[in-house]
Amino acid sequence: MTLDNKLLHALYRDMRRIRSLEERVSELFVRSESAGSMLHLSIGEEGVAGIVRAMDTQDSFTTHHRGHGIFVARGAEPARMLAEIAGKADGYCRGKGGSMHIADMGLGHLGANAIVGGGIAHAVGAALAYKRKKQPRVSVAFFGDGAMQQGILYESMNLAALWSLPVVFVCINNQYGMGTRIDRATANIAFDERARAFGLDGAIVDGTDVELVHETAERMIGNARNGKPGFLSITCYRFYGHARMDKSPYRDAEEEAAGRARDPLGKARARLIERGAKAAELDALDAEVAAEMDAALEAAVKSALPPVDTMFEDVFGPDQQKPTPLRARLNAMLSEATR
Amino acid sequence: MTLDNKLLHALYRDMRRIRSLEERVSELFVRSESAGSMLHLSIGEEGVAGIVRAMDTQDSFTTHHRGHGIFVARGAEPARMLAEIAGKADGYCRGKGGSMHIADMGLGHLGANAIVGGGIAHAVGAALAYKRKKQPRVSVAFFGDGAMQQGILYESMNLAALWSLPVVFVCINNQYGMGTRIDRATANIAFDERARAFGLDGAIVDGTDVELVHETAERMIGNARNGKPGFLSITCYRFYGHARMDKSPYRDAEEEAAGRARDPLGKARARLIERGAKAAELDALDAEVAAEMDAALEAAVKSALPPVDTMFEDVFGPDQQKPTPLRARLNAMLSEATR
Amino acid sequence: MSETTYREALRQALIDAMNADPDIVVLGEEVGLYGGAYGVTRGLIDQFGPERILDTPISEAAIVGAAVGAAMSGLRPVAELMYVDFVGIVMDQLANQAAKIRYMFGGQIGVPMVLRSQGGTGRSAAAQHSQSLEAWMAHIPGLRVAMPATVNDAYHLLRHALTLPDPVVFLEHKGLYVQKGTMDPAKPDAPWGKAVVRRGGTDLTIVTYSKMVLESLAAAEQLAAQGVSAEVIDLRTLNPLDDETIAASVRRTHRAMVVTEAHLTGGFSAELSARIQESCFDHLEEPVARVAGEDIPIPVSPPLERGSVPNAQLIAETGLWLARRTPPAWAAQ
Amino acid sequence: MSETTYREALRQALIDAMNADPDIVVLGEEVGLYGGAYGVTRGLIDQFGPERILDTPISEAAIVGAAVGAAMSGLRPVAELMYVDFVGIVMDQLANQAAKIRYMFGGQIGVPMVLRSQGGTGRSAAAQHSQSLEAWMAHIPGLRVAMPATVNDAYHLLRHALTLPDPVVFLEHKGLYVQKGTMDPAKPDAPWGKAVVRRGGTDLTIVTYSKMVLESLAAAEQLAAQGVSAEVIDLRTLNPLDDETIAASVRRTHRAMVVTEAHLTGGFSAELSARIQESCFDHLEEPVARVAGEDIPIPVSPPLERGSVPNAQLIAETGLWLARRTPPAWAAQ
Ligand SMILES: Cc1ncc(C[n+]2csc(CCOP(=O)(O)OP(=O)(O)O)c2C)c(N)n1
Ligand SMILES: Cc1ncc(C[n+]2csc(CCOP(=O)(O)OP(=O)(O)O)c2C)c(N)n1
Ligand SMILES: [Mg+2]
Ligand SMILES: [Mg+2]
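First to last, the sequence lines map onto chains F, P, L and C. So the number in the numbering used here is just where the residue sits in the first sequence, counting from 1, plus 169. So the number in the numbering used here is just where the residue sits in the second sequence, counting from 1, plus 169. So the number in the numbering used here is just where the residue sits in the third sequence, counting from 1, plus 564. So the number in the numbering used here is just where the residue sits in the fourth sequence, counting from 1, plus 564.
One or more hints might be untrue.
Unchecked claim - Which residues of chain P face chain C? A partial, calculated answer using Cβ under 7 Å:
{"no.": "1", "residue": "GLY205"}
{"no.": "2", "residue": "GLY264"}
{"no.": "3", "residue": "LYS265"}
{"no.": "4", "residue": "THR349"}
{"no.": "5", "residue": "ILE351"}
{"no.": "6", "residue": "TYR419"}
{"no.": "7", "residue": "LEU474"}
{"no.": "8", "residue": "PRO475"}
{"no.": "9", "residue": "PRO492"}
{"no.": "10", "residue": "LEU495"}
{"no.": "11", "residue": "SER504"}
I should point out that these hints are in silico values taken from the structure, not numbers from a laboratory. Each residue gets a CB set at the ideal place from its N, CA and C atoms; glycine is no exception.
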């Protein structure tokens with residue numbers, strides 16, 4: 170395989186793993202094994218793999234509530250992800266955070282966030298730390314188009330440009346914030362203009378062309394490493410509803426059909442075949458990924474729920490005073506023994 | 170007098186009244202008659218008069234903490250302003266708000282605000298009301314360059330552009346936010362680019378040229394009235410310290426001298442004389458204004474302090490349940506009479 | 565008079581209020597086309613049009629700020645904050661602006677607006693989508709705070725809030741939307757600001773609000789079976805707060821328990837406990853007990869989430885103990 | 565050991581901490597060139613340079629958000645919020661992010677940062693620059709809250725806060741900066757989390773913190789002159805909260821008063837009152853009295869501003885009454 174075939178092949182694999190994982194997340198819900206229904210699938214946004222592969226291992230990132238795909242591309246263990254989404258003890262966060270709060274310091278995942286725009290400034294702060302410690306690291310803030318209307322994004326861009334921080338702001342523009350199409354949320358969707366107005370590099374690329382995404386991200390992450398922060402928006406389409414319960418009644422079938430036709434995975438596959446890859450070999454890859462994800466799903470389902478008393482752990486650091494459980498308070502007040 | 174001489178003459182008078190009032194605010198403090206020392210003088214920013222004269226009587230506005238000048242230009246009664254700044258009963262807010270919270274619904278002053286950026290969205294909301302009620306009114310949000318780094322400004326601009334609201338955002342760029350010169354607060358001071366990126370008209374003009382300010386403001390307010398909101402930044406210089414206690418040690422004498430040379434009032438006076446006005450007649454005007462402001466100052470000093478019990482009024486609307494004073498609570502608990 | 569749900573009662577209140585007052589507008593994220601994240605505004609955009617039902621971008625600070633300005637300019641906005649957990653983004657506009665404008669401006673003008681939001685646990689929505697933050701708002705002079713527990717209150721408290729001259733924070737509970745009950749548009753359970761005794765009792769007074777009213781009533785049922793007669797008071801509004809009804813009850817029962825879903829420390833349960841001992845000190849047989857949420861962020865895992873907030877059983881166990889019948893299994897020996 | 569001011573003690577704590585820990589950085593508005601709105605960071609930029617003392621734009625949400633991210637990445641940021649009144653802009657970053665990250669992420673990482681701010685009345689700074697909002701922070705699990713009253717505590721509590729693995733909200737009082745006192749860098753008044761009895765007494769316990777400690781001590785002096793021996797407890801930190809010291813005292817004096825500058829309703833005074841009656845019910849001769857700020861926004865006019873918060877005279881009058889000596893002139897007849 171030529172070098173860029175190798176790359177595209179790797180990216181295809183990443184994207185397939187994302188979609189395959191998200192399908193299992195959906196299944197987890199259908200089997201009522203998920204912790205709640207606030208599950209946001211990144212199907213249609215697999216192009217993020219191009220950005221993640223452009224990051225170095227020591228780089229870090231924060232994500233929004235729709236961050237499963239990004240973390241899968243980064244190398245997450247599907248079983249631990251699904252266990253967390255199921256609220257199990259084996260999950261990345263011991264079942265305390267769930268789908269919207271997956272994090273893993275080992276892989277530089279500074280955390281998914283359930284507050285739109287909530288994690289953006291954290292990446293800026295991480296970049297500040299890298300600069301201060303003279304580490305050649307970059308932090309990437311991933312967020313959706315909805316966060317483009319949150320003020321903290323502009324405060325963060327301004328700080329990044331003012332301080333020349335190694336940070337890249339990545340907007341995953343899937344055209345929707347819940348039921349609101351982007352053109353109903355803003356008068357000017359040329360988001361790159363905003364970034365430039367704040368002194369950043371800015372670019373908008375087709376998020377379904379994972380090679381283009383990768384190439385642009387490599388340039389921007391490289392510039393960021395040299396103190397020139399940037400903003401990248403990748404244009405894609407949210408294939409399904411906002412969360413597991415949403416059937417998207419606010420958009421029509423034609424639009425959805427057209428949107429789903431803009432498929433990063435399909436496009437990559439077609440390209441690989443054009444470049445001589447065999448359909449059979451790709452099918453084999455898909456099957457292998459499916460088997461991996463099926464195993465992860467079963468492992469998550471089998472994983473135990475956390476003991477209820479663990480809820481009092483992790484509020485404060487180790488060896489710090491813990492919160493007093495309510496029953497202990499009532500005992501101190503009402504029990505003849507302790508009163 | 171030719172028409173534009175008439176206009177410039179009127180603007181000169183407005184600007185003289187602003188400066189003259191601010192000098193009395195300073196005197197109020199020196200005589201320790203002011204309520205506190207958080208007094209922000211708009212000397213050097215008198216060019217705002219050009220914007221205020223471009224507003225119609227039914228238009229409204231909000232200001233930042235440095236709003237005295239704007240309100241004077243709008244036709245405020247100096248005695249009531251100074252009384253408020255002194256925390257007196259005759260003040261615009263009965264001595265409850267003070268310098269940073271002067272408001273007057275009669276003149277469309279929706280309020281000064283002590284939170285940087287705090288009043289900007291209020292103007293957007295007023296504009297929303299005018300549009301909904303089909304009233305041909307415009308609301309103007311005045312704020313300082315420091316507010317250009319507050320996220321709520323961009324959320325507000327986005328709403329205004331998205332909904333085509335009759336609002337104009339006015340940045341009084343006096344180069345400083347307390348001790349921070351604007352180039353230490355942002356990487357790109359071309360603020361008009363930000364406005365355009367959010368879908369607004371944007372302009373930056375020399376704030377010391379009051380005629381230019383007026384002409385630009387007239388155009389923008391006119392466009393806003395027709396549903397095309399805008400952003401106008403007027404460039405000027407903060408002649409004195411941030412508040413009454415600040416001696417500006419963070420900037421050098423040369424810079425200050427150069428900044429104070431950029432005097433909107435002096436420039437207007439020179440222009441009037443060029444155009445044939447007599448120095449004597451302008452001196453007479455100045456003296457008349459000085460006398461007016463001296464009288465206002467004495468009136469404010471003579472005005473009574475509000476009775477302490479008025480502090481329990483105005484928390485909620487008339488005929489609504491009032492807060493219970495602490496002494497009444499203690500009485501209910503401890504007095505044999507009521508217990 | 566009709567059987568309906570808490571959600572529908574809220575929806576009907578908005579419809580009736582908007583028909584009665586043309587100055588009412590609704591603005592917030594997903595309130596229009598989507599019909600509201602929890603369906604409260606479903607269909608309103610078809611009925612009242614996009615000029616009165618405004619879908620907004622995800623800009624909470626500007627949404628509330630714009631509502632404040634609109635309220636000062638002749639409209640009566642109902643701003644919807646999708647989750648009360650997001651109030652941290654708007655506390656400046658709420659507590660420094662909406663709440664203080666009338667006062668700072670010497671009474672010249674008020675800010676007649678309603679901020680609707682919802683809170684509470686029950687959906688495994690995790691730490692940033694499950695909180696009960698009423699204590700923040702109830703601490704700020706100038707804000708009214710309503711927290712309906714019943715279908716009829718959902719209707720009447722919202723209708724009344726939409727007639728007040730001041731800002732009202734109207735907090736719903738995500739676990740109550742599907743709750744069924746009777747709504748009588750002609751007859752509120754009580755006037756605004758008055759608490760309602762949802763169940764009479766003689767041995768113990770339980771003071772609560774919002775969803776914990778249901779848990780407390782279920783607990784009172786269990787207590788009755790064990791010979792303890794518990795009175796359950798639903799506050800309905802935290803501001804105004806009906807001290808009289810609480811004091812009158814505790815002076816009869818001589819025992820008081822306060823129940824909230826919110827974290828115990830610094831929660832409104834503390835204010836209620838403090839006021840009860842202030843007004844009823846000579847009448848109390850036992851200290852005022854607080855049964856409240858644990859002092860921990862809300863965990864996502866269902867058993868942990870459930871364990872972090874009070875339920876009928878815990879309330880009943882505590883009540884039985886407070887009434888000096890059997891101590892619970894978890895009592896220290 | 566030296567005589568200095570509260571402001572200088574805070575400044576010295578920052579200097580000593582920064583010399584001891586190279587990962588500490590200070591960021592905020594005017595903390596560098598200007599030296600801090602209240603002078604606490606004066607000269608630090610010359611000593612530590614602009615890499616460690618960062619002047620920021622007026623972007624509170626991003627400042628705190630960046631501090632959170634930096635704290636997760638190896639730094640120990642001290643973010644300064646010029647007035648606690650602005651916390652409404654950063655409550656999301658503080659309460660939903662900084663406070664919950666360790667928990668939501670299952671203990672993987674903490675957020676070792678300090679948010680310094682100042683509050684309180686005394687400068688005619690009006691409703692948006694004079695508040696005491698500690699109740700908001702003290703209600704949130706995951707946040708520590710320190711409120712020093714003395715010069716030595718200003719130094720030691722800040723030093724200790726800068727060694728903790730969790731976010732600490734460090735609240736100063738604008739009226740204390742010029743306060744003089746003795747600072748002994750070698751000797752804290754007590755360990756972190758322990759309250760200090762500032763004055764011993766036998767008839768009455770006054771529980772308070774921050775500037776109200778001074779007013780309470782002055783009141784205790786007046787009370788002594790009238791034969792009432794008041795014990796004054798300075799909490800120093802609201803989280804951790806030292807219940808033991810409070811309970812031990814009240815069990816001796818049988819009378820308790822809680823004093824705060826913050827508004828009474830929903831203030832931390834409620835939590836203290838509730839806990840005292842929970843732990844000392846059988847020992848109380850009188851209900852726990854709260855002397856707190858009025859439930860009104862802070863007015864700018866000096867006499868009104870003064871009248872809106874407690875002072876030594878009001879505390880003494882209430883203490884005298886609570887001790888069942890003479891009722892005050894304003895007592896209902
Ligand atoms: C501050 C805040 N406001 C609102 C919400 C509710 N909410 C969750 S996701 C979402 C839409 C976000 O859209 P976008 O940023 O485009 O992300 P996407 O869901 O499309 O991936 C909204 C409004 C939230 N979680 N946080
Ligand atoms: C939200 C907020 N942050 C900080 C402050 C403190 N502060 C008051 S004025 C000011 C500088 C504002 O600069 P600018 O907006 O340029 O207005 P100017 O004072 O120059 O007129 C600051 C930081 C505040 N009042 N509100
Ligand atoms: Mg989107
Ligand atoms: Mg300025």
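Chain C contact restraint on ILE351 (chain P) - CB to CB distance below 7 Å: At about 9 Å, which exceeds the 7 Å cut-off, the nearest Cβ of chain C leaves the hint on ILE351 (chain P) violated.
Under the criterion of a CB-CB separation shorter than 7 Å, is PRO492 (chain P) in contact with chain C as hinted? Status holds, d = 4 Å.
When the nearest CB of chain C is found for TYR419 (chain P), is that gap smaller than 7 Å? 5 Å, holds
Checking hints one by one. Is LEU495 (chain P) an interface residue toward chain C, by the C-beta closer than 7 Å rule? 6 Å, holds
Does the nearest C-beta of chain C fall within a distance shorter than 7 Å of the C-beta of THR349 (chain P)? Hint on THR349 (chain P): holds, closest Cβ of chain C at ~6 Å, below 7 Å.
Is the interface hint for GLY205 (chain P) satisfied, with its Cβ closer than 7 Å to some Cβ of chain C? 3 Å, holds
Hinted contact LYS265 (chain P) with chain C - closest CB pair below 7 Å: At 5 Å from the nearest chain C Cβ, LYS265 (chain P) passes the 7 Å test, so the hint holds.
Holds or violated: SER504 (chain P) as interface residue toward chain C, Cβ cutoff 7 Å? 4 Å, holds
Is the hint on GLY264 (chain P) kept, meaning its closest Cβ partner in chain C is under 7 Å away? At about 4 Å, which falls below the 7 Å cut-off, the nearest Cβ of chain C leaves the hint on GLY264 (chain P) intact, so it holds.
Restraint check, 7 Å cut-off on beta carbons, for LEU474 (chain P) near chain C: This hint holds: LEU474 (chain P) lies near chain C, its Cβ roughly 6 Å from the closest one there, short of 7 Å.
When the nearest CB of chain C is found for PRO475 (chain P), is that gap smaller than 7 Å? 6 Å, holds
Comparing the model with each numbered hint stated earlier shows that hint 5 is the single one that does not hold.
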